[in-house]
Every structure is written in structure tokens, then in C-alpha cells.
Amino acid sequence: MILDNVSVSYDSTLVLQRVSFAVGEGDIVAVLGPSGCGKTTLLKAILGLVPHEGKIEMSNGRVGYMPQRDTLFDWMNVVDNAALPLRLKGTKKSEARGKALHHLERVGLSDWAFERVYHLSGGMRQRLALARALVSNSKLLLMDEPFASVDAQTRRRLQLYFSQFLHVEGITTLLVTHSVEEAVFLSDEVVLLSSRPARVRATFKVELPKPRTLHVFRDPQYQTMVEEILRQVLAFGT
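Just so we're aligned, residue 326 is where the sequence shown starts under the numbering used here, counting upward by one.
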């Protein structure tokens, strides 16, 4: 995916200003920036939900989206939650369930397929949200602070899980986060945005081995990169 001079305005207020960067096939790019700078607006522009200037180029139109809080329906079972995007497109229930079951197996939830969602833990809900995002065979995954609503231990487990999963599956991913540590741990590149109107302040290549494990958090290279990005964040008041 390539973003070339992407700008977004709400009425007369400029939110994004000539934002440009690329996400290579199979890569994970993390976007950092201050609250309210326009990170979620950037995702909405990619999804085609808000008008924009500039170019957004994608290899295909199949995009999965994980919002800040899951939009699962507690009164439905797990497989029907995962199948919902297909059902909304008119896919027959049996076919949609079959595809959803495949993705539930990918995320380790096949044994829970016919349980109600309210039985799931926070981490399991996020894995279900991932299955739903991928059920249409999405090749690009947009993640908007997907771990913000879970506790610290669950967040760490999900970071480890997603690092392994996205590496093995080779899914191109754009991740919005407020956490420098999370950005460095999960991504191949970190893009730092300014305050509004948001523009690219800096980019950082992350050259740590993948898939990443708990040992990465003690790696001097990881710690050095986190410190370097934090210095930039604090210097710009973000």
C-alpha cells in the first residue's frame, strides 16, 4: 500500500497534511502520534469512509479492520460473529460459516465456535475480532489500537500472539498505537506523526529478528530504538 500526499479536512479544519509512506507486502507498519492528531482519520481515509486528497494505492480492495473496541455481538455465537461480514454481503449461512470456521481455526478458536461471545476472555475476543477482519480473505489489515481495552498481561499475550500470527500468515498490516514499545515490538517500520494537522515527522526502520518473543524486550537494539523514538516523541510534544 502506498500513501502519496494524503490530506483530509473536516469542513475548514485540516486534519492530515500531505502524509506519505508505504507499507510493503507482508510488512507491518506502526503509526504513532499524539491523541487527536488524525491517526484514526488516516485509517478512515484508507477505508474510503472520508474524502481525501492525494493518492492511496492498494494491490487489491480487500481490507480488514480492527477498531479500538471490538464490535462483537454478545448474543450471537462465535462463528456467526466471525461470519457476519460475509452474511452482510449476501453469502449463504452455510458457506459463510464454513469460511468463518476456517479463520477461527487460524486464530485458535475453533473449539469455541458455537459458544456465546460473552463466554470469551478479553484476549479471545480480540482473536475473534481478528478472524472477523480476515474472513473476507483480506490481504491488508488495519488495526486501530486493538489492545487498548485489555489489561497489561492480556495486552502482552496478544502482542506475542499477533507477532507470531502476522509473521506466519504474511498479512500486510497498518497498526495505530500510542505505545512506542508496542510499535517497535510489532512492526517493521514506525511512522511518527506530528500534532494536527498531522504530517510525517520521522520514520524508523525496525530490524529485529522475527517472529519476536519476550527476549526482544531485553535486546539492547530494541531498547535503543525505543529510547530514540521516545526522544523524538518528547521533543515534538507528542
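One thing to keep in mind: the hints can contain errors.
[What the hints assert, rightly or not] Using C-beta positions, here's what the derived DEER-type ranges look like:
#: 1; residue 1: G495; residue 2: I381; range: 19 to 25 Å
#: 2; residue 1: E494; residue 2: E382; range: 19 to 25 Å
#: 3; residue 1: E532; residue 2: G373; range: 30 to 36 Å
#: 4; residue 1: E430; residue 2: G361; range: 36 to 42 Å
#: 5; residue 1: I381; residue 2: Q546; range: 30 to 36 Å
[Said to hold, decoys possible] When the alpha-carbon atoms are kept at most 27 Å apart in a straight line, the in silico BS3-like pairs for lysine-lysine are as follows:
#: 6; residue 1: K464; residue 2: K418
#: 7; residue 1: K369; residue 2: K464
#: 8; residue 1: K535; residue 2: K464
#: 9; residue 1: K424; residue 2: K414
#: 10; residue 1: K380; residue 2: K530
#: 11; residue 1: K414; residue 2: K369
#: 12; residue 1: K369; residue 2: K530
#: 13; residue 1: K380; residue 2: K418
#: 14; residue 1: K464; residue 2: K380
#: 15; residue 1: K380; residue 2: K369
#: 16; residue 1: K530; residue 2: K464
#: 17; residue 1: K464; residue 2: K424
#: 18; residue 1: K417; residue 2: K464
Hints are computed from structural coordinates only; laboratory data are not their basis.
Every residue gets a Cβ at the ideal spot worked out from N, C-alpha and C, and that includes glycine.
Enumerate the violated hints, using their earlier numbering and listing them in ascending order.
The structure conflicts with hint 13 only, although it agrees with all the remaining ones.
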